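Fit chains X, U and F to the given chain L structure using the hints.
Protein chains: 4
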Amino acid sequence: MSNTAPGRHFLQIPGPTNVPDRVLRAIDMPTIDHRGPTFKALGERVLSGIRAIFQTEQPVVIYPASGTGAWEAALVNTLSPGDLVLMYESGHFASLWKKLAEKLGLKTEFIAGDWRRAADPDAIAERLQADGEKRIKAVCVVHNETSTGCVAPIGAVRAAIDRVGHPALLMVDTISSLGSIDYRHDEWGVDVTVGGSQKGLMLPPGLSFNAISQKALAASEGATLPRSYWDWQEMLGPNAKGFFPYTPSTNLLYGLDVAIEMLLGQGLDRVFARHARHGEATRRAVGAWGLEVLCLDPGQYSGSLTAVVMPEGHDADRFRQVVLDHYDMSLGAGLGRLSGTVFRIGHLGDFNDLMLMGTLAGVEMGLARAGVPHRPEGVRAAMDFLSER
Amino acid sequence: MSNTAPGRHFLQIPGPTNVPDRVLRAIDMPTIDHRGPTFKALGERVLSGIRAIFQTEQPVVIYPASGTGAWEAALVNTLSPGDLVLMYESGHFASLWKKLAEKLGLKTEFIAGDWRRAADPDAIAERLQADGEKRIKAVCVVHNETSTGCVAPIGAVRAAIDRVGHPALLMVDTISSLGSIDYRHDEWGVDVTVGGSQKGLMLPPGLSFNAISQKALAASEGATLPRSYWDWQEMLGPNAKGFFPYTPSTNLLYGLDVAIEMLLGQGLDRVFARHARHGEATRRAVGAWGLEVLCLDPGQYSGSLTAVVMPEGHDADRFRQVVLDHYDMSLGAGLGRLSGTVFRIGHLGDFNDLMLMGTLAGVEMGLARAGVPHRPEGVRAAMDFLSER
Amino acid sequence: MSNTAPGRHFLQIPGPTNVPDRVLRAIDMPTIDHRGPTFKALGERVLSGIRAIFQTEQPVVIYPASGTGAWEAALVNTLSPGDLVLMYESGHFASLWKKLAEKLGLKTEFIAGDWRRAADPDAIAERLQADGEKRIKAVCVVHNETSTGCVAPIGAVRAAIDRVGHPALLMVDTISSLGSIDYRHDEWGVDVTVGGSQKGLMLPPGLSFNAISQKALAASEGATLPRSYWDWQEMLGPNAKGFFPYTPSTNLLYGLDVAIEMLLGQGLDRVFARHARHGEATRRAVGAWGLEVLCLDPGQYSGSLTAVVMPEGHDADRFRQVVLDHYDMSLGAGLGRLSGTVFRIGHLGDFNDLMLMGTLAGVEMGLARAGVPHRPEGVRAAMDFLSER
Amino acid sequence: MSNTAPGRHFLQIPGPTNVPDRVLRAIDMPTIDHRGPTFKALGERVLSGIRAIFQTEQPVVIYPASGTGAWEAALVNTLSPGDLVLMYESGHFASLWKKLAEKLGLKTEFIAGDWRRAADPDAIAERLQADGEKRIKAVCVVHNETSTGCVAPIGAVRAAIDRVGHPALLMVDTISSLGSIDYRHDEWGVDVTVGGSQKGLMLPPGLSFNAISQKALAASEGATLPRSYWDWQEMLGPNAKGFFPYTPSTNLLYGLDVAIEMLLGQGLDRVFARHARHGEATRRAVGAWGLEVLCLDPGQYSGSLTAVVMPEGHDADRFRQVVLDHYDMSLGAGLGRLSGTVFRIGHLGDFNDLMLMGTLAGVEMGLARAGVPHRPEGVRAAMDFLSER
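Chains as they are written, first to last, in the working numbering: chain L, 410 to 798; chain X, 410 to 798; chain U, 410 to 798; chain F, 410 to 798.
Next comes chain L alone, as it looks inside the complex (with noise of 0.2 Å):
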């Protein structure tokens, strides 16, 4: 893991992002008993600040566990053996949620999408009308597809859900867009949210969230899917007294006690500012090179992730590893169908205007040094952007 290149290495992949230098320090401190006075304090503000951040009053457990894992907590406590699950295609990530419903033995349903687009609230609730039965149990969309860097609208899919009056619990996954883009857990009537610490938590992976609502708690109660791990009533009893059921993974708390504090210092609304800005700014990048952006709806950029579409007949693998090699940056692949096609660039996490411009330096460097066509004007032009706000 030690780079011998010399400088910092440009981490742009959609995540894991540039994790502070106060964060890396904090989860170096001395492991402590899990079980003692300090633990308990730590415990006890870790699970009250993530709320903040979940933008919710009510409970969020934390799993020693990628996402993936709280993707599969979400569906484990709430559901049982062969309930529907209404999911939307919105890109890469949505069709790794529904295979892992699947394989846990829930019936799943798609709503088709383009992979250029979020979900969409009116075909949900066309499909919640239809479904007279009630069979569907719960909708689960992805908040900011990272596949894809489109902004599913969840205050309005939750506005189509009670439209047609169907109780089926809402799921959402924010991996990619918590402690990024505005989301709001309690307003938005969510009944699971799933995080992770990898992306705008600014902390190494190994860390990931349920935040929960009291539908979702009900539910769980009758939810007969097996489960241990995951058992959020399991964690519950214990998150009261700022402990954990089994071993919790002590030096990754130690990092988000910091991540939350900087947040909450920096305040959220200017933490999801910067991130816009920085998106917009790239997006200008994109458009000023003649390169399209993947997201079709302007309404739904991402702030944490830009998609980018691949000129016909140029690899964008090929692309990212002439990036890697001379200029010392990961970007992120495209993902399934998108494989070879797009490439995505990360502007999310620990960042700033200047590690934006090094960043939309080397795509642009990169595009001239791979023969890929473009107009060499798009950091000149998220300059103009950065420049004047």
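Relax, there's no trap hidden among the hints.
Heads up, the list lumps identical chains together, so a pair's fine if it works in one copy or across two of them.
Below, in silico cross-link-like pairs of lysine to any residue (SDA-like), each with a Cα-Cα straight-line distance of 20 Å or less:
1. K624 <-> S489
2. K507 <-> E643
3. K512 <-> P490
4. K449 <-> D734
5. K512 <-> S489
6. K543 <-> G491
7. K543 <-> P490
8. K508 <-> L645
9. K516 <-> P490
10. K507 <-> T633
11. K512 <-> T633
12. K512 <-> G491
13. K543 <-> T517
14. K624 <-> P468
In case anyone wonders, no lab produced these hints; they're calculated from the structure. Just so you know, these numbers come straight off a predicted model, no measurement behind them.
Relative to chain L, chains X, U and F alone:
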């Protein structure tokens, strides 16, 4: 987590253990792209090195999860709903694993134990002998019972199973023995070995392991318990190239890389001998204090920890609090039915003679302060032993 | 520097001392612009905070240099070539300071001492009394002689000087007492106090200090020893705004900032009491071993370190080597004329009861291994003391 | 020191430079006994390795001090009060060194310069030629003038001195060139080379160096300026065994060990080429902005930094403040007579193409925000260069 007390806290619970400075500094390095070439080299190194720790040439999967997750993984990968599992009641952790199996929909049967001895191969053989219909699909044994400090003779358990010709899988929990007490996955014919990062491996909590025999792998093909996060098959494909199916706990893997290098650099034999030596020194102290070691069979004494029985009428938790308040040392509590009557001294991980002497002095001074009857000769006895060997 | 031995090295020389994890993590933060606003705030904080440690309201300058440099600074700022300095032969460091003064072109006079007692105020008074022509320009005394573990009564030295009405400056070396043993620059009327970072201040070596009285400052105006790097006047101007005349040791200043916060947070009185307690425990151990403490005057016993006289016919350095090889502990050597006949136990800095007990156990076991005659009762005696107070 | 702004601060002053994570983690390791065997190995390694950086086989002494201390050391070890030193007015640091020499009691003579060119060998030869009585004892030249970004031809200075057959010592300041710009202590026949840790060596400030020729060593025997802390003779004895005469800056030496390994691992030639490349890219940006590089002689352009002349009527410090406030980047101020009229871009140390592009984008956006007339084509010009080479 920043203790304001002067000097180093003595973390003498039986795990998490004291993390070496080199490991802490490793996990403090910037997170890298888990899909890139630098990660690939890391992944290949740790996936190979961890096998040497388990003394196996078969695959070991690494989960971004606590040890509890690896317990669950062992079961869901190999068993189907309603399968019968034979477990041995060696102590609190055996009981927890049993409870977990039941939550997953398995049937369990416990061979009763007194929590002062490890699993008994003969009792296991006897029970398997009686299982004419081969209803028992797995035998689950804890190698080093962290709640009692008794070590089970795993090789003898294997021999016992073979003797009666029973096809059940053998699953072993080595969470508090791995990297501390000799353990041989291959030689002992274990099918699934469960391990964790935060004990003998000298890491913070957050990683756990399954070492997997060919027989276990074959069993996983027909096993129908739902699984996704824990699914071996999903892991083994990407692992072959140094990668993981979902975002791994990158920074803990940095630490694992260093910890493996340290353990193999010292030599596993020397590591085991050091732990055995510290166990013996501790037991000499306990005997000299006039107190009783919980483990009744000298052949089962643990090199990882020593559980000590409190004299009648004295509460172990009050004693531990005195030690914490006056000497800034965390000792392990009695767990489950041992609560209040036993305390545990962890002497595993990154540890040496003088740390042990500080530990034992803290216990001895704590006994005096707490008014627990004892002879003040334990530290002396331990020093006599340590200054001769 | 990466010790391959398991566990923590016991660094029980009388400095450098064990650096707290929080301080190490602080010096590990990225270097910043030493001319910018973030630095200014840091500079102001440490320049103010360090005064509290010296118990002074007068200026303290901070050098990017070892303590030896601060010795030099005290002399070159206040004296002129050929000036006579009265020094007291309390031990090795007093002798080194004298040698340094001579190399700088000063005349020195030594009041002979036996290296088993600190500076004697009466002897100083007597010599000053005899100095009718006031040729003596400065009196230099070591507060805590790191080579012997004897503490000089600085208030009494001040009183002695005043009693005879001599105008000489009083300069005091507190390198191994600052932050460990009560020291009052203002109340005791010291003109220049010399300090270093790597002892009671709990930092790595690399910073040193001069606390400066108004009288010393006035003297500096006429002093003609050449100076530039050490020149107070160059320092005091920029210091007033939180800055330094040349590049300061930025990262060590981060550590100083944290160390000051820790010391003042614990309270200096409690810090001093802890050191005194550990000194007493150590001396009880020495007595119980049947060995002799070097310092002959109980009123001068040091809370920072204890020098122990080896029994006749046993080499202290061979003993220290045995302790290092077998118990991974560094003890202090006998210095100068005490070489081979004395070893020193450092018990200062970031230290606590159990670290002390590990230390004393290491000494006791080392005595046994090295075949040094002793009663194996020292650890017991120290525990008796520590479990009562 | 904990910047609350998001992302990494851009520290683009010409030193201290961005410290690599590996170096920071190294200085974060526990302090060890500076008299023990582990230190001895470290000491031998760094004292040997640092010679390779100076391209010398002669001794290099390492001071726990800033570079200013190493200036002083060079003079006090070789000269006597009243000796005449010939210096060349290349800029602010040459002037400071001259002032320091005078404070030490030396006579100095300045060959006037315009602060836009480096030292001129012919002018030096001419002055030495005129010194029939050989009153000039040393010639002091700054290799890379940190205030101007002009590099002196040291080999040509040596040749000039030899041509006129003058016996003066040649002393060279390489504080901002060492490890960045090719420098050959032995091949160029330099008598004392002065270096510091916080620039091309990629360390925090706090260490400085004297590389010493045999001729300088011989001169030190007769030199009568008072010295103790800086005394080479005191250093060289213990250095031969890996030790130091007084407590060294142990933790910075850990960092030096890693930094040397990194520089030699990359290869000095590649390190120098990288700096030259970044210098050229920066100058192309400056030219494209329509601004002027301070250094007038293209043969003297620096790979470490570029000083840029502000357009008439615009204050450089106000501009720097705009850049700091809006883009979280520290640029170097104009120093001495250049104050307010020049700003400096540091591009040395642990640095790469994308960090440079972030830097140049910050300057270009800052020029726009500050209303400084320029053509917004500098970043473009730099990218054109960097994407072709």
